[in-house]
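Chemist: Residue numbers (the numbering used here), protein chains in the order written: chain B, 1 to 40; chain L, 1 to 438.
Mixed in with the good hints, there may be bad ones.
Residues from chain B that face chain L, not an exhaustive set, calculated with beta carbons under 10 Å [unchecked claim]:
1) W16
2) P22
3) F23
4) Y25
5) E29
6) R32
7) T35
8) Q36
Bear in mind the hints are in silico, worked out from the structure with no lab data behind them.
Model, not experiment: these values are computed from the prediction.
The beta carbon of each residue, even a glycine, is placed where N, CA and C say it ideally should be.
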Amino acid sequence: MTEPAGNRTALTVAVWAWVALPFAYGVYELIRKATQLFTG
Amino acid sequence: MPPAALSVHLSIGQAYAWSVFKPPLESSMDLSGTASALPFQLGIVMLGLSAAFGGTLVERNGPRWAMFVSLVCFSSGFLVASLGAATSQYWLVVLGYGFIGGIGLGIGYISPVSTLMKWFPDRPGMATGIAIMGFGGGALIASPWSSWLMERFGTDNGGIATTFLVHGLTYAVFMTLGVLLVRVPADGWRPAGWEPPQEQGHMISTADVSARNALRTPQFWCLWVVLCMNVTAGIGILEKAAPMIGDYFKDTDTPVTATAAAGFVALLSAANMAGRLVWSSTSDLIGRKNMYRIYLGVGALMYLAIAQLGDSSKPLFVVCALVILSFYGGGFATVPAYLKDLFGTYQVGAIHGRLLTAWSVAGVLGPYIVNKVADHQEEAGKTGPGLYSLSLTIMIALLIVGFVANELVRPVHPRFHEPATATADAAESAPAEKGADR
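Given these sequences and hints, build the entire structure.
Modeler: Okay, structure coming up:
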């Protein structure tokens, strides 16, 4: 039985979002802090 | 497969954000700074030990088993620590976070390594770079998140206990993705359209070496020294980054404020994380040995530039430090692929686990050198850059030792190779795995 291509794409997007969203939050906080080197 | 590996590494990378818990624990449980560091230190020791001794089990039982064990240990470690904070029993925090959680760190760290290299035989450096970059990224997420939780729940025992509880439960859910998703490729699998190169570089193994035999080879111990020296040198700058930049430019026209120093530390974290992916991927193109020549050789030159010219230019100081930290991260991420080149994929996870004892040693050696030397220089009445000149010279010497060890790495002697029958399973998948590097 093969999985429909649409389901597979949705699953791929979902699992990448699972890890990418928290990572993006971490990177955002990092950039906020790092800019203090130039403004602090 | 990369999201599965990332879900585990982004979680266990929380370990580097332990410092967020130190001040609240110190005030609520009346602890010294040394005592509040104990859970983290025990966690790193357990990381090295569980990776070294659990590596063979990970190879035998597969990545799903390893990720599940990591999930159970890491999450239950937080739950036990939560109980300890709630009942004011600090030993339970140490036992939970340090001992139980530390086992989760070690098993989780090596869990996806060999599987990733089997899925990406054409780019093993990039594959392990993604996962190990996740370990660096874990602290970026955990640090602000933990602070945010403690702002809401409070920094007394109850607030810390609730924060630990939320961490344990959240990481259990987050890591479940890895357990559910991880798959080992079928024997003989290879990426669509990719053919193993006919000609292989002489540094590529054409056979497999067991973890037991790997320990008997000089190559393993050369790489152990390489990793230990590279990590020690990186920690040398990480450990003292904030006071160092302050001291270097204290008497100049552009002194560095405490806020700017915090920004500098954050930039170093970014370089450490980016180096894991960028340099490890680069090693797929230029070869592992050449990559380590750059880490160790150029790293030594960067240290030399800081020592000689660092206080004359702030941009130069910052750039050199960023390059050193990117090499520090890259060294971690590139080593699994180097091991694969030398020892094959047969038990590369177990071999990697044993090599990580170099990290445990460097974790003690690096901070000891820089702190001891800086204290000694201060007692001798030195100030500014003079506080660090001896430390920097020691770091350069360590990197040169690592460089020499890397030069001594040669292909493994055939007497250490496994007989073809012993690696039958691995051999069946060999066409998809061999010849990926140069």
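Chemist: Which numbered hints are broken by the structure, listed smallest first?
Modeler: Violated hints: none at all, because every hint is consistent with the structure.
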